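**Q** Take a look at the letters that make up each chain.
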Amino acid sequence: MGNLIVGVDTGGTFTDFVIYYPEKHNIQVFKIPSTPHNPVNAVIEGFDLIKEKTQTKLLIHGTTVGTNAVLQRRGPRVILLTTKGFEDIIEIGRQNRPRLYALEVSRLKPLVPRDNRIGVNERIDANGHPIVELTNNEIQRIEQILVDFSPETIAVSFLFSFKNDAHEKMIAESLKKRLDVPVSISCEVLPEFREFERTSTTVTDAFLKPIMSTYLADLERNLVNHGFNGNLSIFKSDAGISSSRIGTSRPVELLLSGLAGGLKGASFSAKLTGRVNLISLDIGGTSTDVGVLHNGCESIRKRSEISGIVISTPVVDVETIGAGGGSLAFLKDGFFKVGPESAGSDPGPACYGKGNIIPTVTDADVVTGRLHPENFAGGRVKIYPELAEKSIQPLAETLGLSLEETAEGIQRVYRNNITAAMKRASIERGHDPRNFSLLAFGGQGPIHAAELGESLGVKEVIIPPFPGAWSAMGLVASDYRYEQSLSLLTTFEKSTFPQLVERTKHLQKRLLRSLENDHISLDAIRFEWYLELRYLGQGYEIRISWDKDENQQIIESRFKDAHKTKYGYTLNTPIEIVNIVVVGVQSGVNPQLRIEAMTSDLQGPPSAEAEIFYHGDWITAEITTKQALRPKSKFQGPVIVFQEDTTIFIPPSWKAILDITGHLFLRRVD
Amino acid sequence: MDKILLAILQKKLESIAEEMATSLRLTALSPNIKERADFSTAIFSAEGELLAQADAIPVHLGSMSASVIEGLKSFRGTFSPGDVIIHNSPFRGGTHLPDITAITPVFVDDTNHPQFFVANRAHHADVGGMVPGSLPGTSTEVFQEGMIIPPIKLFSKGKLSEDLLALLLENYRTPQERRGDFMAQVGANRKGVKRMQELAREYGTNTILKAQEILLKMTENATRTFLVSLPDGEYEFTDYLDSDGISSDPIPIKATVHIKGDSAIVDFDGSAPQVKGNANAPLAVTKSAVYYVFRCLTGEHVPANSGGFRPIEIRASEGSVVNPVWPAAVSSGNTETSQRIVDVVFGALAKATDIVPAASQGTMNNVLVGGKDPKTHQLFSYYETIGGGTGATKSRNGEDAIHSHMTNTWNTPIEALETAYPIKVTAYRIRKNSGGKGVNKGGDGIIREYEFLTSVTISLQTERRIFAPWGLFGGENGKQGRNILIRKSGSIEELPGRITITAEPGDRLRIETPGGGGYGRREMKKEKNI
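Here the protein sequences come in this chain order: A and B. Numbering-wise, the working numbering puts 1412 at position 336 of the first sequence, and it's gapless, one number per residue. Numbering-wise, the working numbering puts 399 at position 380 of the second sequence, and it's gapless, one number per residue.
Worth flagging that the hints you see were computed from the coordinates, not collected in a lab. Here the structure is a predicted model, which means the values were calculated and not measured. All C-beta atoms in this analysis are idealised placements derived from N, C-alpha and C, irrespective of residue type, glycine included. Among the hints, erroneous ones may be present.
[Stated by the list, open to error] Just so you have them, the derived chain A footprint on chain B, three or more residues with Cβ under 8 Å:
#, region
1, 235-241
2, 400-413
[Stated by the list, open to error] Which chain B residues face chain A? A few, computed with CB under 8 Å, are given here:
#, residue
3, ILE23
4, THR46
5, PRO77
6, SER266
7, PRO269
8, ARG314
9, LEU316
10, ASP419
11, TRP429
12, GLU437
13, THR438
14, LYS443
15, THR445
16, ARG448
17, ASN452
Just chain A, with the same shape it has in the complex (with noise of 0.2 Å):
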């Protein structure tokens, strides 16, 4: 085994590669188009693309193969175990509807229906006090109940089981003896009050588990053959790495890892060019993704939902929105919009010749000499420019404008909607985008980045170096994490600091037991405590880092800190614990990067000149790639930068400078 590190991140579109060289301080990046029906052949497919493959000593893998599952609703059929009465929890969610003034209300089914749930005869208070015990003879009961379902996965999520663990423990002891099946456990997936969020994050473990653990045995096997034998980790939606065990034993916790890989390169992006406060925005063929870096931390978020299904795990904190190259525009009503219907990337933009006849914004970049047709993702995808225009044609009649300055209106619109969704992620979340700096990547990214950077008001914009691989490098520059957390819901007059450090230590034991179960190599772990903290009656938490050392002041006086960041203000209101949180630390790669080592096959462009239509004229801009590009060099816009997975438009009065690793700072001329 050598000391080769391989990032493969599992898109839609693409399965992408970073393949790090830690001693020449260099990366690789390539992509191979995903197969999705088995993507375990994209990853093989691309593993045998790397010359040292069997120098592998750790890959790390983003997968989607559990969105994907629950996006589809196929998976195992998985029977739920509730406190009797309370079978329809999962169904009724928040009892809160989608869309406003929808005529038609609709919510998307849950991943077990109703006849899958079954009620079991027992009660927990809120004290933790069994009101009424569950009995041998209920749980025989219950057993023989689902001999006869013969399921393939089991959830169990009794009211209160994060005050006392007890009847769930039991039940599920008995059914691994009696069953052959995985049975996941609301205390062990996540024992936080609020009954809706938990149920539904523990039946999504169960539904992921049987899903995963063949997904996972499929990829190891394959990859072992053909010449694998490092460690494969995986990806969390918390942009934390783990052992690949964890997905076979934790897999909600992977279930929204596709949104954490650009936050990832975004805080390696921080590390690397020394900027702590950075605005993510990862911009793909459909949606784009937007996220902050404050201090140099990626913040979480304790409840998301994808299709209808919440899960209440930690995940980076993202906005997305259905922006992207694929983004199509039409009048509606007399309307105009683009997006958030897409093309997506099969049939793709007209330009492809796929079939699709509306215009997308990648047909209104081609048309306004943006994206070339010579380097159209390295020169790999055939465009065809006659029919972006084509495309374009109706829909400039219809405007009465031309035919450039449609498509240079598409873009406008479409910088307009991704900059409302940055001014949300950022202003919303209490920061001021003055104070950030714009990291743009993303096939689509650094297209309309500076203008984009504009919008927001940041002082700079910064293009990593490789912006179509920058998610796929955030898999490489994690750190394996392991969160365990409980819910106290108590004050500091109930529990003092010394009985929080306690808890805190028995939460910690809990969690290194779990990870010897899972069989992990505790080296080198460290531990960071987290507290979940709100005002007596508020309904949401902020997360406070503390240890041991401190003390009752200085946590209530950090709490208050970042409340008033996030939501201006404080109050005299007593502060209540909701949840302890431990999370184990193990150090990743750590990679570094040096431009001189980089090193790329794309040939010099054709033409050293583009025409470009820019604010209502053509105007002719230099074109030249990113490896003539030397670091420090300067030069200002118009200039046109191709790489291999990307275009880069520097705009009039915009300058532009490289740095040593690779990433280019773009800065307005004043």
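Starting from the known structure of chain A, fit chain B onto it as the hints suggest.
**A** Just chain B now, with coordinates in the frame of chain A:
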């Protein structure tokens, strides 16, 4: 003006309203504003026409504009930069007293009259009156529901009127929180003013005024296009509120919708005179409910602005339950009567088009429980609303166990409720088979059962306990809701829809919420299957 610039300006106006909303939510103190998001922010023309609004509570949609116009009337010609007008009168564009509207003029280009207004409305947690929370179940005069604020300048030329504020705060149970909420409302408007001025500088005031005119016209045209698609005619529908809680008489609400070409008149002639209890819906609530219906029908892609109101004339005679006069009690007009107004307008339109859904549960099932917590010896008061079934449509079944039409607030988790109050939830599930049968079935309601661990006073404001949510085109009605008190002794009392009653430890209250109406005669389904 080209449609591209229009699309951009439309989005910018919406973004400004959204930014105001964020500012208000972040800085307000009331849980109602912060957690349940019971507020709206919006931008208005110089004449008080709604231009853009942050996605909000449906009952605020049309009523905000009415409040702004009342504010304009009171102070026309005397506006200065930095003014903030507040008011909440249900008889001058308000909904109910806890909803207080703050309006600020926007001056651009150094002119001496405002070119725009920004405004927001927020539900304050208490505005005085006979009960904490200012939503009494048994009020018979508006004075019992809190302090009425006519349009007043809380700020003049940027200067706070300390006297006025002191007068207001003296009348509230939680003055510090109120002060904070007022300042949050003022701050949100300031942000709106600043952003509107920036927008005017960037694009030119005339461009924005021109865009305003076109956008209003486009929404108007989209609404007219929908109206033209309906056959001309007069369509009538009558439905009933079970009672006003004071007398047991049903309260008829009747709508006649006249469709003529591209316009509509919605006439409430034949509705009950205003009632003694608090089921009276102020005119602004009535208008909001009507606009809500047409907004649903026109489609969500059309921007919400006053242009959509233009083709629709609303006739509601003064002194009726849908346009009460001072000093009528109005507290449940906003929560319950508004739902019935939606039902009758949809019901009338069902005679013109088959895209209308059958009736949804038609109530918010307001449950209020108060008492003294035996553990802490503190008084507590717990309020919640419960979802139910929605009506089926031509193409799909109704949804189960969800909030419909004029509200959309979240439930309280059982684990939060039981931790904070001496109440135990003994059942919470879907009320199976409560939706009306039909080709498409109405959504089912909810069963929620509470056991009290101490002596409590229960106040219920619930509807559809007598008059069921109707089915459409042969679809059956949804089941009425039920309120049942099961005494510890085992005796069972069926409670009326609106009541205040005491319960002892061990007693259980069971609320069964209504199902939605079905759509289409069921036999047809069998034929279709053959």
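**Q** Against this structure, judge whether each hint is valid.
**A** Hints versus structure:
no., hint, result
1, 235-241, "holds (count 3)"
2, 400-413, "holds (count 4)"
3, ILE23, "3 Å, holds"
4, THR46, "5 Å, holds"
5, PRO77, "6 Å, holds"
6, SER266, "31 Å, violated"
7, PRO269, "27 Å, violated"
8, ARG314, "5 Å, holds"
9, LEU316, "7 Å, holds"
10, ASP419, "7 Å, holds"
11, TRP429, "4 Å, holds"
12, GLU437, "4 Å, holds"
13, THR438, "5 Å, holds"
14, LYS443, "7 Å, holds"
15, THR445, "7 Å, holds"
16, ARG448, "4 Å, holds"
17, ASN452, "12 Å, violated"
Checked against the numbered hints above, the structure breaks hints 6, 7, 17 and satisfies the rest.
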